[in-house]
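K.L.:
One letter stands for each residue in the lines below.
Number of protein chains: 2
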Amino acid sequence: MSSGTNAAGAGRPRGYAGAMTDYRPPVADLAFVLEHIAGYRDVAALPEFEHADLETVVGILEDAGDFMAGVVAPTNRIGDAEGSQRQPDGSVRTPAPFKDAYRKYVEAGWGAVPFPDEFGGGNFPWSVGLAIQEMLTSSNMAFALCPLLTQGAIDALLAYGSDDQKQRYLPKMISGEWTGTMNLTEPQAGSDVGALTTRAVKRDDGSYAISGQKIFITYGEHDLSEQIVHLVLARTPDAPAGTRGISCFIVPKLLVNEDGSLGERNAVNCLSIEHKLGIHGSPTCVLEYDEATGYLIGEENIGMRIMFVMMNSARLSVGMQGLAVAERAYQESLGYARERIQGKAIGATSDSPIVDHPDVRRMLMTQKAYIAALRGMMYLNAAQMDVAQFHPDEATRARASEVVGLLTPICKSFGTDLGSELTSLALQIYGGMGFIEETGAAQHYRDVRITAIYEGTNGIQAADLVGRKLGVRGGASFLEFIAQMRELDGELAAAGEGFDGIRSSLGTQLDALESATKWMLKNGAADPNAALAGSSPYQRMWGLVVGGWLLAKAALAEAGIAEPGDRLVLARFYAGQLLPQASGLLAAATAGAEDLFALDADALAS
Amino acid sequence: MSSGTNAAGAGRPRGYAGAMTDYRPPVADLAFVLEHIAGYRDVAALPEFEHADLETVVGILEDAGDFMAGVVAPTNRIGDAEGSQRQPDGSVRTPAPFKDAYRKYVEAGWGAVPFPDEFGGGNFPWSVGLAIQEMLTSSNMAFALCPLLTQGAIDALLAYGSDDQKQRYLPKMISGEWTGTMNLTEPQAGSDVGALTTRAVKRDDGSYAISGQKIFITYGEHDLSEQIVHLVLARTPDAPAGTRGISCFIVPKLLVNEDGSLGERNAVNCLSIEHKLGIHGSPTCVLEYDEATGYLIGEENIGMRIMFVMMNSARLSVGMQGLAVAERAYQESLGYARERIQGKAIGATSDSPIVDHPDVRRMLMTQKAYIAALRGMMYLNAAQMDVAQFHPDEATRARASEVVGLLTPICKSFGTDLGSELTSLALQIYGGMGFIEETGAAQHYRDVRITAIYEGTNGIQAADLVGRKLGVRGGASFLEFIAQMRELDGELAAAGEGFDGIRSSLGTQLDALESATKWMLKNGAADPNAALAGSSPYQRMWGLVVGGWLLAKAALAEAGIAEPGDRLVLARFYAGQLLPQASGLLAAATAGAEDLFALDADALAS
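Residue numbers (numbering that gives the first Met the number 0), protein chains in the order written: chain A, 0 to 605; chain B, 0 to 605.
Pulled out of the complex, with its shape left as it was, chain A reads as follows:
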């Protein structure tokens, strides 16, 4: 962190320098969560993952953490200050230290860990890949977006690419030598993907000529790799309207010769990059395709299916961005709170570090408890993805798939909303210094704000929750999950009076969630607007309750292996002081749409 923004270096609060903590990877917590919350041992027991036992994984995470903290984390502030810059020739220069960090990232092979060994991957479960991604993102979210987008493109090719396409692209994308992008958005087609107009005209050689303009393309152009593999949604001339007429194409920046070497430049150009609130290091491009050569993935008109493959893991990864940035901001704000001396705490005889003031404590505990709750649900979600993909039993796979369907919008929305709220608390702890960019707190607050928007806005997640997901098996999927959460009640009752408050609060809030769920089931089918009207508060209730359930599980697990300790405190604080907000949202979740539409648009403006 540089103090260069303050020209004279003058006027820094006492304790400021000491508060510039490095990122400390939370490997011990990750190991605990994987084992006790996500059920990782069941994942490692799957035939695919014999080599991926928990002890091996923890060793890998320790190495990954060292790498991220040592190589990537130091690039975060300078990446923000420099930003990516488009050059007059249309190339894009990323911040100075990114290139070297990326080269080391590729050499170390971190991006390959969760992918199949037949293409050079490590064949580890996605739950392990996500843990590496968390630490990468905490270290530098703007940098981490490049591997994240590549991962989405890899997933799509793995699922729908031809053998030849897989052989041609996957080894270099999995190694990280080539990067990937997802080209969905156009000016008139954001949340409404079906409105896109980019054209794809088939040529005699079987390739397609792709023409159109795409916006918001993350790492659409950059200097970290020689090659960029664009996955582009477009329409063939005779395609049906809307989402049923979308096809997905590979459009490499450089054409790939038969021998796999790189050939001519394809007709895709970066017209401009955006000036954004945050993630300045990540170039967000407007790309123009002018009869660029593209190769169809799968068949025509299945582009939306392919997009959902890309989005599936990406939505969880974006929820994880909220957690990851909040974790870094929390660590730094705690460091500051321990060093900054200001005023006397009650009962103190001399001036106190602000960590001793109750309201600062509240801000720290709130961050820590929510982060723990989020980490539980993110890795549970990821492990269920592994089970859904690899478990030998079909019914087990099917149920895991339902759970992933339920948890993904919750992880995405709750993780990213909390990302903004918790980085705001972190910033607040710095007082006036939090508003000064050199502190770094403001960067976290700016960077994380996009996560509630991209990969499906949180409103779109809520619509997905009450639209697609709630109706699975007539609501039984949701009700079974609630019943499963209720099963903890017996364990909590047996665990002694230290758990009474948690048990009581969790029971009350599960009642509220069940009541909202039943209201949605009763009213949603006949009046979809009523369900959509309450979808965001309902989604938040889910996040709050799942978080409380998992913290309680963690406290019980810790009590089973050691003296009840820190996790019991977190679970009690969360159950007693944060979780009750869920019932405060019940009325909004179940109010219906009437009052939302009682004022017409002119009245809204008056």
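Treat the hints loosely; a few may be bogus.
It does not matter which identical chain is meant; a pair holds if it fits inside one copy or across any two.
[Claimed, not checked] The calculated BS3-like cross-link candidates involving lysine-lysine, where the alpha carbons are at most 30 Å apart (straight line), are: (1) LYS343 / LYS521; (2) LYS343 / LYS468; (3) LYS517 / LYS343; (4) LYS517 / LYS552; (5) LYS552 / LYS468; (6) LYS468 / LYS517; (7) LYS468 / LYS201; (8) LYS468 / LYS98; (9) LYS103 / LYS343; (10) LYS468 / LYS103; (11) LYS468 / LYS521; (12) LYS343 / LYS552; (13) LYS201 / LYS521; (14) LYS521 / LYS165.
These are computed hints drawn from the structure, not numbers from a lab.
Fit chain B to the given chain A structure using the hints.
P.N.:
Below, chain B without anything else, positioned relative to chain A:
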């Protein structure tokens, strides 16, 4: 608004250009709130304000609104993009259009409206001055800070300046020809003002030599006026430690000759300005005083008293900044939501503007309802300040003073927390475009974030609420206010079934607030940490409930003068869907400090 940040001007969503609404001053709403919520007719009936009847005032507000929208609002985006820049000679250049706008502001005399006519002011009530300030701040918060700081300095001089000082400084400050600053913070003295070390040594001629470094000085140096009147807190050599040993000095940038003309440069210099998250147009200075000539205000060691005069109206003004920026962001997001076409709303036969989607409606209604609630409490607070200062009856003045003491921390904290939350909702409505700086939504989100920090962080406000204010008359002041809010119940019952839901929700939430208040009264004295631990959620409960009460009052007032309409909808939406969050905070407000301190600082870090 310029599209220059996107180099090629490419890739803007359809409807984007049409959504760039100008600021529309909410004069009709201000008039309603002044009359029906703030009780402005009682203020206008005070002997001081015979000339300030409501009709006259509304005319003034219309003119002020035209001025702000026409002259100041267009400077907002460019002010952010350019920022204030310190020059190598230590001068500071504000953004290009500021100088002309400020000259016009001074010529029009808007800053003089609420100050005494004996110094050239308009002698209007503060509640009217605040309405002008709201519109100025909505137009450009960074610009508005210069008059805001000047106002604080004027208040201090009016209260404690000598006749000579008043004659010498006030006319030019009230006209705006000279601006003012407040110099409190030093690197080691932020929230703990008593830790400041700037020295003031008396000279033979009665003036003082002021030496030390101040940070975070808003408009500490700039080019909008020739003269800057710094009000500086400092210590004399023999002063007691802590807050009881602080004195307040006038330190003019240029010494003032006997005839009132400007003389030599004083020894105060701008060492640097900060690189901040927002309000880039407003220079935040590190000032160095090197035996600068200062003039004592009042007597030695009463600096804290003077500071509280400056802070008193400033805290309300900062709460108002939260509202004002949220209002501008709301207007713009509504404009976008009406223009942006995306997807089909339920039942629509063609693509819909996003204002027709329920979750977007929720974001708009949430903004509108909170803004209305905030506006009610801000002007009630301001009108009570007028009553507290000017009412002929001492008991009435005393009670008004108590109400101001209660409402000020609530207005400051609730207004500024909501400022961040509502500008975030506004940004979210833009989807991906919200994250792009050219849209302007991100600027509001960045600008408003400081308001929760300066003029006493919101945690300091909460400590003031449960520390100083709750104890007034052994808690009777708070309980009487709650009883007063309960008196609306009869009117709501009589108003017909359209008000039933409001009545029921308000009653329930008043119960929760009263219960929290009684818990605070019971536990706070013996265990101050317990009260401080719950102070922030308790403060938020107050904001939520006062807001609900005032929206209900507004709905009743509207029903009395017209068909029940928009205000009933807002009150019903707020009571039904937002207000219930208050009881969701009760547990946190009354949990005590135990769980906050159950983890030591090392455990927080693990």
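K.L.:
Sort out which numbered hints this structure fails and list those numbers smallest first.
P.N.:
7, 8, 9, 10, 12, 13 and 14
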